[in-house]
Amino acid sequence: MENKHKTTIDRLLDFMVYKNLNDNKLTKLANLSVGLIGRARRNKSGLHTDTIEKILHTFPELNPTWLLTGNGSMLLDSNDIPKDKPVMNESDTLIDEIFITQKDIIYMLKKKYFKV
0 MENKHKTTID
10 RLLDFMVYKN
20 LNDNKLTKLA
30 NLSVGLIGRA
40 RRNKSGLHTD
50 TIEKILHTFP
60 ELNPTWLLTG
70 NGSMLLDSND
80 IPKDKPVMNE
90 SDTLIDEIFI
100 TQKDIIYMLK
110 KKYFKV
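Per numbering that gives the first Met the number 0: the sequence shown = residues 0 to 115.
Don't read these hints as lab results, they were simulated from the structure.
Do not take every clue at face value.
Stated by the list, open to error - Across the chosen pairs, the derived CB separations fall in these ranges:
{"no.": "1", "residue 1": "K114", "residue 2": "N78", "range": "49 to 55 Å"}
{"no.": "2", "residue 1": "T48", "residue 2": "I104", "range": "31 to 37 Å"}
{"no.": "3", "residue 1": "N78", "residue 2": "N21", "range": "16 to 22 Å"}
{"no.": "4", "residue 1": "H4", "residue 2": "E52", "range": "32 to 38 Å"}
{"no.": "5", "residue 1": "S77", "residue 2": "R40", "range": "26 to 32 Å"}
{"no.": "6", "residue 1": "N19", "residue 2": "K114", "range": "25 to 31 Å"}
Unchecked claim - Using 30 Å as the maximum straight-line C-alpha spacing, the simulated DSSO-like pairs for lysine-lysine come out as follows:
{"no.": "7", "residue 1": "K24", "residue 2": "K5"}
{"no.": "8", "residue 1": "K24", "residue 2": "K43"}
{"no.": "9", "residue 1": "K27", "residue 2": "K43"}
Note that the Cβ used here is the ideal one computed from N, Cα and C, for glycine as well.
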């Protein structure tokens with residue numbers, strides 16, 4: 000499928016593949032509602048502005064113009080990335096993934112042993 004004919008959710012899914020993110024990882028990293036990405040994918044629906052803002056804030060290297068219109072490249076030139084937040088590199092993503100997994104394990108253990 001040509002990029003111009005893709006929807007915003009299609010382009011977001013392309014970015015997720017590039018960053019090796021699944022729906023759950025993106026949801027947790029960007030602090031999105033659980034199931035939001037999956038519903039948008041199934042319904043081929045758009046994303047609300049607050050959702051897009053959270054994603055762009057979490058991934059400042061993601062080109063907003065590309066995400067919304069398909070114009071330009073997926074990633075911003077390093078000179079165009081806001082300086083107030085560094086780009087998440089692979090080790091940051093792995094650390095976040097470990098942290099999320101640990102939180103999930105703790106929750107499951109509490110649920111099992113403390114009837115939470």
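I'd like to know which numbered hints this structure contradicts. Please list them from smallest to largest.
Per hint list: 3, 4 and 6 violated.
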